[in-house]
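Protein chains in written order, with the UniProt record's numbering: chain A, 1 to 287; chain B, 1 to 356; chain C, 1 to 266.
Just so you know, these hints were derived from the structure itself, not from any lab.
Wrong hints could be hidden among the right ones.
Claimed, not checked - Each computed DSBU-like pair below joins lysine-lysine, with the alpha-carbon atoms no more than 35 Å apart:
id	chain 1	residue 1	chain 2	residue 2
1	C	K97	A	K8
2	A	K204	C	K52
3	B	K309	A	K204
4	B	K182	A	K204
5	A	K248	C	K52
6	B	K309	A	K206
7	B	K309	A	K3
8	A	K3	C	K207
9	B	K335	B	K309
10	C	K159	A	K8
11	C	K97	A	K3
12	A	K204	B	K176
13	C	K159	A	K3
14	C	K178	B	K176
15	A	K8	C	K174
16	C	K97	A	K206
17	C	K52	A	K206
18	A	K204	C	K174
To be verified - Here are the simulated distance ranges between beta carbons:
id	chain 1	residue 1	chain 2	residue 2	range
19	C	H98	B	R136	28 to 34 Å
20	C	D56	A	S59	42 to 48 Å
21	B	R136	A	R61	47 to 53 Å
22	B	Y13	A	V100	19 to 25 Å
23	C	P173	B	R318	51 to 57 Å
24	C	F100	A	V100	32 to 38 Å
25	C	W102	A	L280	41 to 47 Å
26	A	W5	B	T202	43 to 49 Å
27	C	P158	B	Y13	29 to 35 Å
28	C	W41	A	D141	55 to 61 Å
29	A	V26	C	D56	50 to 56 Å
30	A	V100	B	N319	32 to 38 Å
31	B	S125	C	P158	56 to 62 Å
All of these numbers come straight from a predicted model, not from anything done at the bench.
Glycine included, each C-beta is placed from N, C-alpha and C at the ideal position.
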Amino acid sequence: MNKTWNNKAWFMVLPVLLIVAMNAVVPLMTVVNYSVQDTFGNNVFFFEGARWFREVLESERFHNALFRQFSYTFIILAIEIPLGVGIALAMPRSGVWASVCLVLMALPLLIPWNVVGAMWNIFALPDIGLLGYTINAMGIDYNFTSQPISAWITMVLMDVWHWTSLVVLLAYAGLRSIDDAYYQAARIDAASRWSVFRYIQLPKLKHVLTIAFLLRFMDSFMIYTEPFVLTGGGPGNSTTLLSIDLVKAGLGEFNLGIAASMSIIYFLMTLLVCWLFYTLTMQGEKE
Amino acid sequence: MARIDLSNLAHSYLPNPKSDNDYALTRMNHTWDDGGAYALLGPSGCGKTTLLNIISGLLRPSEGQVLFDGKDMTDLQPQDRNIAQVFQFPVIYDTMTVYDNLAFPLRNRHVPEAEVDARVREIASHLDLNDALMTRARGLTADAKQTISLGRGLVRNDVNAILFDEPLTVIDPHMKWHLRSKLKLLHRQFEHTMVYVTHDQTEALTFADKVVVMYDGQIVQLGTPEELFIKPSHTFVGYFIGSPGMNVMPIELDGASAKLGGQTVSLPGAAKVKAGDKVELGVRPEFIRLDAKGMPVTVNKVEDVGRQKIVRAQLEGRNIAIVIGEDESVPTDAKIAFDPKGINVYANDWRVELGA
Amino acid sequence: MNRYRWLVPTLYILFLMLPIYWLVSMSFKTTNEILGGFSLWPSEFTVESYVKILTDSTWYSGYINSIAYVALNTVISVSFALPAAYAFSRYRFLGDKHLFFWLLTNRMAPPAVFALPFLQLYSAMGLFDTHLAVALAHCLFNIPLAVWILEGFMSGVPKEIDETAYIDGYSFPKFFVKIFMPLISSGIGVTAFFCFMFSWVELLLAKTLTTVEAKPIAAIMTKTASSSGYELGLLAAAGVLTIVPGAIVIWFVRNHIAKGFAMGRV
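Please put together the full structure from these sequences, using the hints given.
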């Protein structure tokens, strides 16, 4: 649509700008402020420059949390995106069953995040949880509160349970927008099921999958509540992801400088990855 | 290349159709000759796309059979029927090059790569796509995309028939003519059986050797453009084809003459109709001429449409249209006569053959 | 292969329902049964946990609090986002693209980063422990989202409609409310749904900004669970009750969800 140039439109944007700016700029400035200062209490601050940043970037604790975070994000993306697309492909295309599927699948998305954590905690308890009990009954030693591997598996499974539906809904909407003529032409051209997917469905899904990827990347990168309620970051530090570590440092140990500089590093990383990904796909689009 | 027979074919989208109204296509028997260029013409919703999809195998008819050269194809999938179809909106594989698009149906059928290359290049030169072969199909114009979809059909040399479903809908007007004449040329070169669905009579009449007119789920006439014009077998054909359409007037039959209100029209022959039938007289505006000794009409309006004039007039209280030459003038007390060549009698909307 | 296609969504839904089933089943068990060992379904069916939650004001006020700030946030987000989305969809102005992108980056801001500064900010404004504080804080991610979704829907409405209305003598506010908003009503519905959803499920900020007066149900749940030594039945019942509003909302918008996603937004 060709839009008219009108600077008065600023007045319409202003309320949004103010309310978001209050929420974003002021706290961000506070964080920046903390990240370069130190305090001995009593609201006395002094300038520390880049000390906290150096400390964070050099600390093994941060490296470990970062490594865990990337592993986690990578694993859940690798599972959720293909799984979500697969389920969307197998869903009924219209009718009552499609509605039923959509409603049931959307359900996990509307459960408060700590309830998700609590629910999985109860579900996975090795003695009285359905999942934990079943696995142990099969003769596999499983206890997510004491074994890092079990904790990781539970955490990943929980995320898959919670968020795959988002990918399914997006992919389903993308598939629905493909005109029937494409499938008909493919049948006439004797295309195999794989060719239909590769040359018709996948190209049309590219846009929604970009969004799904970005959303899942961002949200898994800032995930806090669910794993915290499930495992509390343990056993040991084995499931301490970035956000959990951050809150531990900030609110738990009251290490404001460290927490603030971690926040900024963390925020910048998210932005960078999103920007990179966005730019790359847009370039692919133009070509 | 094949002859296509539809035998006792009917289709309903409902699982248990009861009355005729439940059928999208009512029972029909029909033959499309090998190598013919057919146009399937009718208003939207008359069942022409349904019929096309039944021929291509995208739909399975609820009753009857589809035969290609006498072989029953009813239960075969589209890919096994060896047909090609071009859709209303150009279907191309966005991520592939033009070359790969054209090669796609052949590669899917495991044709050796050397032969694929030869066929693609041959078809590309017929369609003037040689220069664009290696470009991505995504950025092309609508007419180029539609040409590629056509090419995907032509590239298989064993194709039984090529079906077109309103293929020029999204094409710019000045390109429509170009594509249509290219199609005509290709038909002459390859002699495929072609079926072309459209609701545009100009497209149908210029493309096809034979036009099939559909109305309300049935085929009302199959004929050359000339036959459709002179002897429309159904009042709908008279109304739908021609501009303005045929004048249809209720009459009372009396042997070889008809009573039209207070006037009497002599017919070229006697018509046999059953008592109680709705009887009508159909005369195209082109077959009415001004005649000093004819029936008096009241002239309402004269439209000058370039090479001819259309007179809107009233005859015995009914609106009729008359086409006259651009130099003719219309007197205020105009009188008209019907050319016997263009007189048709209809009983319950179907044309009645006039006896000698 | 096509004959077994229905198995995939069915198995997936089964997988989704299992933990929910377990939660529901737990909520109907007595504490003794839960602690006594594993049982697939409640042997002594009891609604005791639900009775306790629905009669104890520290519990049910949590629901009221949650619903209050979620509703408040949805109203604020949608009503602020409407004019802004209109501006983005109809006009070009100085810095519009940068502004739009900046708004979206706020969707990427991790709540954990903002928790502490928010606490200080809202305490300083004297809004600490009020519904308004949580509602405003959630605007951080909900307003950008609302602007984004609404802009998509509005761009689908031809500009000629605006112009025709002005020619017919409508003033801008009258046109916006009487003509434009009904045209994008399904878009507004979808937007409200997503605002509701993200405000309802977010807890970190909601918990940080409240202590007593406006404490959300989900936070009360966590606290009770840890302080009263693992009353799993009660915890499960409270969990079940937090799923109910979401399920109701989904049921109402079921036909619009796919459309909202199809806009390629969210």
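Now for the hints, and whether the structure bears them out:
The hinted pair formed by C:K97 and A:K8 meets the criterion: a straight-line CA distance of about 16 Å does not exceed 35 Å. Distance restraint check for A:K204 and C:K52: the Cα-Cα separation of roughly 52 Å exceeds the 35 Å cut-off, and the hinted pair is therefore not satisfied. The straight-line distance between the Cα atoms of B:K309 and A:K204 is roughly 53 Å, outside the 35 Å bound, and the hint therefore fails. The straight-line distance between the Cα atoms of B:K182 and A:K204 is roughly 31 Å, inside the 35 Å bound, and the hint therefore holds.
With a CA separation close to 33 Å, the supplied pair A:K248 and C:K52 stays within the 35 Å bound. Between B:K309 and A:K206 the alpha-carbon distance is near 57 Å, which puts this suggested pair outside the 35 Å criterion. Under the criterion of a C-alpha separation no larger than 35 Å, the hint pairing B:K309 with A:K3 is inconsistent with the structure, at around 47 Å. This hinted pair does not check out: A:K3 and C:K207 have alpha carbons roughly 43 Å apart, beyond 35 Å.
Between B:K335 and B:K309, the direct Cα distance comes to roughly 16 Å. Compliance with the 35 Å bound is thereby established for this hinted pair. A threshold of 35 Å between alpha carbons decides the hint, and for C:K159 with A:K8 the separation of about 18 Å falls inside it, so the pair holds. With a C-alpha separation of about 13 Å, the suggested pair C:K97 and A:K3 falls inside the 35 Å cut-off, and the hint holds. Straight-line distance between C-alpha atoms of A:K204 and B:K176 comes to about 28 Å, which keeps the hinted pair within the 35 Å bound.
Only pairs whose Cα atoms come within 35 Å are accepted, and C:K159 paired with A:K3 is accepted, the gap being roughly 9 Å. A hinted pair counts as satisfied when its Cα atoms are at most 35 Å apart, and C:K178 with B:K176 does not qualify at roughly 43 Å. Taken as a hint, the A:K8 and C:K174 pair is honoured in the structure, with Cα atoms around 18 Å apart against an allowance of 35 Å. Distance check on the hinted pair: C:K97 and A:K206 sit about 23 Å apart at the alpha-carbon level, within 35 Å; holds.
The hinted pair formed by C:K52 and A:K206 fails the criterion: a straight-line CA distance of about 50 Å is larger than 35 Å. Proximity of A:K204 to C:K174 is assessed by CA-CA distance (about 39 Å); at most 35 Å being required, the pair is judged violated. The hint said 28 to 34 Å for the Cβ distance between C:H98 and B:R136, and at roughly 32 Å that hint holds. The hinted range of 42 to 48 Å is satisfied by C:D56 and A:S59, whose Cβ atoms lie roughly 45 Å apart.
Evaluation of the 47 to 53 Å hint for B:R136 and A:R61 yields a pass: the beta carbon distance comes to about 49 Å. Between B:Y13 and A:V100, the C-beta spacing of about 24 Å keeps the proposed range 19 to 25 Å intact. Distance hint for C:P173 and B:R318: a CB-CB separation of about 55 Å, consistent with the stated range 51 to 57 Å. The supplied range of 32 to 38 Å is met by C:F100 and A:V100, whose beta-carbon atoms lie about 37 Å from each other.
Checking the proposed 41 to 47 Å range against C:W102 and A:L280 shows it is violated: the Cβ atoms sit about 21 Å from each other. Separated by about 44 Å at the C-beta atoms, A:W5 and B:T202 satisfy the suggested range of 43 to 49 Å. A beta carbon spacing of about 33 Å between C:P158 and B:Y13 agrees with the range 29 to 35 Å that was offered as a hint. Taking the beta carbon of each, C:W41 and A:D141 are about 26 Å apart, not inside 55 to 61 Å as hinted.
For A:V26 paired with C:D56, a C-beta distance near 38 Å fails the hint of 50 to 56 Å. Judged by the Cβ atoms, the range 32 to 38 Å given for A:V100 and B:N319 is violated: they are separated by roughly 56 Å. At roughly 43 Å, the beta carbons of B:S125 and C:P158 sit outside the given window of 56 to 62 Å.
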